[in-house]
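Protein chains: 6
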Amino acid sequence: MSVAKSVGWNIESMQKMKTLFVKDLKPGLEVTEFFVLRKKELKEYNGQRFLKLELGDRSGRIDAVIWDDIDQAHDEAQVGEMVKVKGWVTTYKELPQLKVDKIRKAKKDEVDLVDFLPQAERDFNLLYDDFKNVILTIENSYLKRLLELLIEDLSLMEKLKRAPGGKLWHHARLGGLLEHTLKVVSICEKAAQMYDLVDRDLLITGALVHDIGKINSYSTDGFFDYTDEGRLLGHIVSGNELIDRKIQKISGFPQDLALRLKHLILSHQGQLEQASPVVPQTIEAVILHYADEMDAKADAFSHIIKTQKIKGKKWSDWVHLINRFIYLGEDEED
Amino acid sequence: MSVAKSVGWNIESMQKMKTLFVKDLKPGLEVTEFFVLRKKELKEYNGQRFLKLELGDRSGRIDAVIWDDIDQAHDEAQVGEMVKVKGWVTTYKELPQLKVDKIRKAKKDEVDLVDFLPQAERDFNLLYDDFKNVILTIENSYLKRLLELLIEDLSLMEKLKRAPGGKLWHHARLGGLLEHTLKVVSICEKAAQMYDLVDRDLLITGALVHDIGKINSYSTDGFFDYTDEGRLLGHIVSGNELIDRKIQKISGFPQDLALRLKHLILSHQGQLEQASPVVPQTIEAVILHYADEMDAKADAFSHIIKTQKIKGKKWSDWVHLINRFIYLGEDEED
Amino acid sequence: MSVAKSVGWNIESMQKMKTLFVKDLKPGLEVTEFFVLRKKELKEYNGQRFLKLELGDRSGRIDAVIWDDIDQAHDEAQVGEMVKVKGWVTTYKELPQLKVDKIRKAKKDEVDLVDFLPQAERDFNLLYDDFKNVILTIENSYLKRLLELLIEDLSLMEKLKRAPGGKLWHHARLGGLLEHTLKVVSICEKAAQMYDLVDRDLLITGALVHDIGKINSYSTDGFFDYTDEGRLLGHIVSGNELIDRKIQKISGFPQDLALRLKHLILSHQGQLEQASPVVPQTIEAVILHYADEMDAKADAFSHIIKTQKIKGKKWSDWVHLINRFIYLGEDEED
Amino acid sequence: MSVAKSVGWNIESMQKMKTLFVKDLKPGLEVTEFFVLRKKELKEYNGQRFLKLELGDRSGRIDAVIWDDIDQAHDEAQVGEMVKVKGWVTTYKELPQLKVDKIRKAKKDEVDLVDFLPQAERDFNLLYDDFKNVILTIENSYLKRLLELLIEDLSLMEKLKRAPGGKLWHHARLGGLLEHTLKVVSICEKAAQMYDLVDRDLLITGALVHDIGKINSYSTDGFFDYTDEGRLLGHIVSGNELIDRKIQKISGFPQDLALRLKHLILSHQGQLEQASPVVPQTIEAVILHYADEMDAKADAFSHIIKTQKIKGKKWSDWVHLINRFIYLGEDEED
Amino acid sequence: MSVAKSVGWNIESMQKMKTLFVKDLKPGLEVTEFFVLRKKELKEYNGQRFLKLELGDRSGRIDAVIWDDIDQAHDEAQVGEMVKVKGWVTTYKELPQLKVDKIRKAKKDEVDLVDFLPQAERDFNLLYDDFKNVILTIENSYLKRLLELLIEDLSLMEKLKRAPGGKLWHHARLGGLLEHTLKVVSICEKAAQMYDLVDRDLLITGALVHDIGKINSYSTDGFFDYTDEGRLLGHIVSGNELIDRKIQKISGFPQDLALRLKHLILSHQGQLEQASPVVPQTIEAVILHYADEMDAKADAFSHIIKTQKIKGKKWSDWVHLINRFIYLGEDEED
Amino acid sequence: MSVAKSVGWNIESMQKMKTLFVKDLKPGLEVTEFFVLRKKELKEYNGQRFLKLELGDRSGRIDAVIWDDIDQAHDEAQVGEMVKVKGWVTTYKELPQLKVDKIRKAKKDEVDLVDFLPQAERDFNLLYDDFKNVILTIENSYLKRLLELLIEDLSLMEKLKRAPGGKLWHHARLGGLLEHTLKVVSICEKAAQMYDLVDRDLLITGALVHDIGKINSYSTDGFFDYTDEGRLLGHIVSGNELIDRKIQKISGFPQDLALRLKHLILSHQGQLEQASPVVPQTIEAVILHYADEMDAKADAFSHIIKTQKIKGKKWSDWVHLINRFIYLGEDEED
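Chains as they are written, first to last, in this note's numbering: chain G, 12 to 345; chain E, 12 to 345; chain B, 12 to 345; chain Y, 12 to 345; chain X, 12 to 345; chain S, 12 to 345.
Treat the hints with caution; some may be incorrect.
No copy is singled out in the list; a pair is fine if it fits within one copy or between any two copies.
What the hints assert, rightly or not - Heads up, simulated DSS-like pairs for lysine-lysine below, C-alpha to C-alpha not over 27 Å straight-line:
{"no.": "1", "residue 1": "260", "residue 2": "34"}
{"no.": "2", "residue 1": "37", "residue 2": "63"}
{"no.": "3", "residue 1": "51", "residue 2": "317"}
{"no.": "4", "residue 1": "54", "residue 2": "320"}
{"no.": "5", "residue 1": "50", "residue 2": "97"}
{"no.": "6", "residue 1": "201", "residue 2": "51"}
{"no.": "7", "residue 1": "37", "residue 2": "54"}
{"no.": "8", "residue 1": "172", "residue 2": "201"}
{"no.": "9", "residue 1": "37", "residue 2": "50"}
{"no.": "10", "residue 1": "113", "residue 2": "322"}
{"no.": "11", "residue 1": "317", "residue 2": "63"}
{"no.": "12", "residue 1": "325", "residue 2": "143"}
{"no.": "13", "residue 1": "155", "residue 2": "54"}
{"no.": "14", "residue 1": "97", "residue 2": "170"}
{"no.": "15", "residue 1": "172", "residue 2": "51"}
{"no.": "16", "residue 1": "325", "residue 2": "155"}
{"no.": "17", "residue 1": "143", "residue 2": "50"}
{"no.": "18", "residue 1": "34", "residue 2": "63"}
{"no.": "19", "residue 1": "201", "residue 2": "322"}
{"no.": "20", "residue 1": "118", "residue 2": "325"}
{"no.": "21", "residue 1": "260", "residue 2": "51"}
{"no.": "22", "residue 1": "260", "residue 2": "119"}
{"no.": "23", "residue 1": "322", "residue 2": "110"}
{"no.": "24", "residue 1": "170", "residue 2": "320"}
{"no.": "25", "residue 1": "172", "residue 2": "97"}
{"no.": "26", "residue 1": "95", "residue 2": "317"}
{"no.": "27", "residue 1": "118", "residue 2": "155"}
{"no.": "28", "residue 1": "324", "residue 2": "29"}
{"no.": "29", "residue 1": "54", "residue 2": "143"}
None of these hints come from the bench; they were simulated from the model. Computed from a prediction, not measured in an experiment: that's the story for all the values here.
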């Protein structure tokens, strides 16, 4: 069985299977297509029960209703799963609504996640090549061995390639975790050249694995959400566990080195209020923290500017997460 | 080799080896006795170098000076180690000062830690019996197996018996961790009876292990201090690692149960600002948090009242850690 | 005149007078029934004025409109009062709406509050018996006398029986204050056994009266809301005043005991930011605070789990008040 | 018995009884004089026990020792009481020290508090006249009656005249409470003219009584300290109780007016974190809060400038309470 | 060219040019009138594109649609500009909606801003006279010269007359800045009489200019919004720059006086968290801060009470900005 | 007159004029040497007045006393000025103390600041060359002109060369401001390559001038302290004023570019609580903030590690400013 199968979704075949996207659903159109099931609700109107759904893909979302066999339809799929529906587009309160005649859960090899979720601009495999190339530069034998153990964990690496860097704010796209990781590495490499006390191999290893717990903290089945582990442990502790288990397998891994590496993971959010159980206490930790912050914010600002900048609009909408408007810039001269 | 030897200090022989304590050092007295070395400093006076020490035991601390062979004396022992000194008590600026003629590092089997550190009122072994008895009440087979694995880890259990519950504030005494753990268990037991949604075995197991990381977070070599692990990981993550490694050894341990148990450890400080990387999200977690807080504060208040209450004094000195005075009570009627 | 009359609502007769509840209002139905008036607003549509109402009972709420005699109808009742309406159920924008033909204020003996507000599972009188039984265990004669004065204040006690423990968050139901009080007493009783410095009678008395100001802070006329006193003084100061006035009636009540008891009321929220004008400074105060917190949170978590847990849903909706999701648990095995 | 006698200290006779102050104690001088006992401690030196005291008056403080009859001397007076001592001034470690031969508790009519504590510049009685004159301007009959009840409470008024406005920060001097109260009244009077919605009588009454609880919150027996009531209830609740008890004596006092007046007392610190159990919710409350803040800060700044300004010094020492330096101003031109 | 022309809007001619206001737009009415363009959006419905607008004036806002020549219409005016429209009132989802046939940008002399924005009760010119009269009382020659430079800056003064005191919270009306400034001056004048260390001329000058940066921080073109300068610099720094540039023009302006005056502008918000880059460090600064706060809050409370008080309503709606309800008062007796 | 003379201290001649430093002052030594006067105080002992001084240089500080002609001595120099003293070293309470016979203010050309203050490792002129080289890379003509105006301001540039980067925490050494500036530029250069939306010239210019206000905020006359401007305006506003005045001299400088550049200065501390009057709202601002933070913290950590690391010490002393210990690292292997 191939690796891709084992993680459940067809990765290799990158041909788009979907031909019709939500943004194209015009009233009157007949539809047979895959969507992700975002919400489902049993409702009643004038004594008749019906099933109300929200369907989506990477282009948007649409309401849908089912009037027949609703109990069977309700149990067919869970929120977050992919479904294949047959029906046609009506309007309700002047918005398009999909009237569904048939619905069934999609099979894993029928769909490609990239049709349903935003993804990084660069190809996953190219990003992953960069990740592996950074590892080649590590000279410390214990850190090198640790990183090789990660590389050898194929199922983990397949998840890594697609993991998002966040749920809502920065790098919220498939491959975003690798993108973010590589930029943080890049800033840390610069810092390692600038500050003579820095243990370069330790810092770069920390940069490579600082967010590795996010692999287990986000589910990417149809849309991004936290997993139980993401909520009950948090991505920082998940990452620390993951690294601890690998270190346990390396005989003679120095205790002091292990503590300093874990400290990088644990303290990288910089403050207790940001869910780091310890604050940065080594020079590598304080550098990693600011490299992480700089890339997270720069990506979030870039994303907002790119998606909101239109002619004549100099300021973004209010950004709740950071309580401010963001400057989108003057219009380009023609 | 016996277990006690392997943890370094002679535990079995409970006979006190020290006969002279700091509080008894009167001017003129000749002294040959063990102390913990708390500070050492090379100084110079009118061109002559000397070594200034601070020595201590569980009854207090005293300054000491060495004028001869100071380099050799300086290298003899590190801060935190036990030393045997020979000398006599002089006075300096009206305070007793020990003039030291000879100093050497103590051997591990010459001293008993309990002479140097405050300890719980109840015997360690009785407290530990109570701890084991609680485990007998657990019915969930996975949680029971996990707790048995702890019990079977003899070296860990020897450390547990003596571990303090804190460094400065609550239960800062040998055996304090067990005392605290048992009281938290007791409050949780009450709560399990009161709230019907509580998973009693999970809550009690969480109470038993919530602070287990403190075993690796405090050093008790002469006086209480943080270990490197205590500072770089924090006791919460240390405890989580310890439990994670045990769970890894239990085949079939349910993933969901593991997450909920770890969540109890991780969230028990209640807030991110208190170094918990996640906030309580289960009913067991919210109860454990308040049980932990209640016992910590009640012990701290009790300790302050017991040590500061004297006739005519109704209020404690200012308690910096909690920014308040504590009411010591009216004088007892005769 | 009976006590019940004096507080305005018919308590004795527990037979339900309402036969039709909001949740049962189907289009087409003719309705003559009591509701609580939650909102009223004069509006205008195409030059014609009408009165828009929101009506409710303990099963839900529904919009209503009146087109005739609207001025008279508007003045008939205030928000929060009970009304009797005659009309029939129409639909508006696909939701049921009540078209009202007649409306009049309800008489006090026509309605029973329990039809309009959620209430505790156990009977008020059984809860109150428990409350009185706790008082019997108090040995300190001054505290006993104080509690007896409360018991003798029949009008106060009638209000106590029905008072909610909160407006939105925990114990927001008739009888909730008694439920909460008794659980806090229960935890404090446990603590009094565990910590030898605790003055048990003082702590239990404090637990019994810590929230007594809530009686005057919430109105329960139709739905829960703050009273002017609840807003302008807060329930902590209300409770302190209430107890101060009773103590003024007890000759020789020791000044020191009075201060320590009031301190329990004033400091029980634990922090200034939580509206306590002083922080806990006695061992009884610090215990009462955590007992109060534990029961408040455990009840709130229980309520959320019980009302939100459905098959396939492991996490609650976002809980704004505490900024987190709550874990609802795995589905029960069949 | 005169009023002055009943509060314990001789107020009428304003002739200074002390002739010798701490600042004048030069080595060699024989001393028979009254001081306030600030600290006492039994100590031991080379086997001999002695009593170490700290004595003070409004000019400063000095160490003192007693070698004979120390047990009797120790029990003679409590910290905070006035003592008469006989002895002579020696030096110890180059500082003056009083060797005490005899000590006895002072009788109440032998001493005058003003010799021991700093006091307001204006005469207490003149300040109090101003206070009474403000009351004459109140027209609302209930508020007027309430204020008259205060005036009729002679023992309270005697305490009011001398009460300090604070312990450390602002108006920390005998008479300081009246000084502060009158300035707050003055600012509120201005505001009442400026904002048309303000109920002037309510605002001025609130200004007059907002800090009245300080009378019971500070002890002025020798030096300023908190009373048990000041610590366990806080001056805000003390003041509220005091006013509540007076209002209880006024038949027909409107409930609404009582709530709004108490609200002024309770909310005047402006924020929960500042120990107000409720935040300002009326226009009078928000004005009173800022008037109180302005006078408190202006007095504290004035005090620091007046006591620290010397030639060539433009900035105060670091002021911990507000985390800043204060600008003392340029030197005056000659 | 007159001054008024140079700032773009016709100020002199105070006759109202608008005859029809949003609140009067009834279905069926034909409309040819000026409005401010608040939003515009290109949308598509069933394949046909249309332009959706929001129009407003000082009486409210209304939706509007354009179906023809939408590209030309879209480019005709920017959000915030005044437009003249021709059309008639329809209803859509039971709300009035304006169907627009023609739209063009208004010419500056066709409209009067006061028709579109709320304004102060007193005439701008009377307020400005008061402002100038305060300046006459300044005796310090440098401060006087500085204020005269402001007065001589006619274009600045024209903006000052109309500038609002805030965007949402206090004094959010044309002329509001002058109203606020004069009240702050008035409170400071009182304080200058009360505290002898205050430099009266400095304090009053600070009061006059403390918010002058708001002139450049808010745009009043149709509705209140922040300017780029308001967002990127903030009104505090804008004001400081403005005063700094004027001071640069006054030869010999004492460095010390300049720093103390700028300090008043910079610190007047009182805390770093409130966007003051320095905290008040002079007695004038601390007084100005509280005078500013008192007037801002008193105005905001007054505005809420005046706009929300209706019969039977004792409490305002929840006020998000300050997290509380505001007491509106009892109903007036008839 | 050379530039160096105009700023008061002899910069050119780098020969050390001091031959004796505080750390070398042994009891018995006769001393004729320059020191900086750190404190002076008139005191009295047994009726005789004397002058107590604290003297210092870059190697440490020492107490000194003068018994004769103390009034003349007191007026000879101000705190912060350089003095020449003649005397000899005694001991007092076992510490060396300088008994001063003669004291006079130093002339400016007698002393070299570098003897009194710590300084950067690299030569000021080399650092300044780097600064100028960065300017050569700016292509935007307005920004280039602005930076050239700075370069042309010779007196400002002389101050820049020596200005410290901070008072206590990071880069607290002569030349520290340039060191810090260049490292921030370097990190920003890296970021400009990584994020495509960044305006590189704007970001680098912002990095070059972000802390330029520190030139006027710290005095370096003998020891580092805040100037009046540093305290009353803060270095952020000082820097903004400085840049604003230069921009005023450049005809046609685009308003938008000026706002965005000032925004970089104003927001670079990242948060209001950190004294930035606005938060970062442009992508350049958010990057500059983290570059600034990273270098400040990395320098502070480096300084602590370099000055505190000794054999056997793995942890720094408690660092109050950031509330943590810092890890100093394992001992180097021999």
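We went through each hint and held it up to the structure:
1. 260 <-> 34: neither (50 Å within a copy, 51 Å between copies)
2. 37 <-> 63: Answer is both; intra-copy 19 Å and inter-copy 20 Å each pass.
3. 51 <-> 317: between (32 Å within a copy, 20 Å between copies)
4. 54 <-> 320: between (40 Å within a copy, 17 Å between copies)
5. 50 <-> 97: Answer is within; shortest intra-copy Cα gap is 18 Å, inter-copy 38 Å.
6. 201 <-> 51: Neither: 49 Å inside a copy, 40 Å across copies.
7. 37 <-> 54: both (25 Å within a copy, 14 Å between copies)
8. 172 <-> 201: Close inside one copy (25 Å) and across copies (25 Å); limit 27 Å.
9. 37 <-> 50: both (21 Å within a copy, 26 Å between copies)
10. 113 <-> 322: between (43 Å within a copy, 23 Å between copies)
11. 317 <-> 63: So residue 317 and residue 63 pass the 27 Å test across copies only (24 Å; inside, 34 Å).
12. 325 <-> 143: Cα proximity of residue 325 and residue 143: none, with 40 Å in one copy and 34 Å across.
13. 155 <-> 54: Classified as neither: same-chain Cα gap 57 Å, cross-chain 45 Å, threshold 27 Å.
14. 97 <-> 170: neither (32 Å within a copy, 60 Å between copies)
15. 172 <-> 51: neither (30 Å within a copy, 42 Å between copies)
16. 325 <-> 155: between (48 Å within a copy, 25 Å between copies)
17. 143 <-> 50: neither (39 Å within a copy, 48 Å between copies)
18. 34 <-> 63: This pair counts as both: shortest intra-copy Cα distance 20 Å, inter-copy 20 Å.
19. 201 <-> 322: neither (37 Å within a copy, 30 Å between copies)
20. 118 <-> 325: Only across copies: residue 118 and residue 325 sit 24 Å apart there, 46 Å inside one copy, limit 27 Å.
21. 260 <-> 51: Cα proximity of residue 260 and residue 51: none, with 45 Å in one copy and 40 Å across.
22. 260 <-> 119: neither (34 Å within a copy, 33 Å between copies)
23. 322 <-> 110: Close across copies (26 Å), not inside one copy (37 Å); limit 27 Å.
24. 170 <-> 320: neither (33 Å within a copy, 31 Å between copies)
25. 172 <-> 97: So residue 172 and residue 97 fail the 27 Å test inside a copy (33 Å) and across (58 Å) alike.
26. 95 <-> 317: neither (33 Å within a copy, 34 Å between copies)
27. 118 <-> 155: neither (39 Å within a copy, 40 Å between copies)
28. 324 <-> 29: neither (34 Å within a copy, 29 Å between copies)
29. 54 <-> 143: Answer is neither: 51 Å inside a copy and 47 Å across each miss the 27 Å cutoff.
Violated hints for the displayed structure, listed by number in ascending order: 1, 6, 12, 13, 14, 15, 17, 19, 21, 22, 24, 25, 26, 27, 28 and 29.
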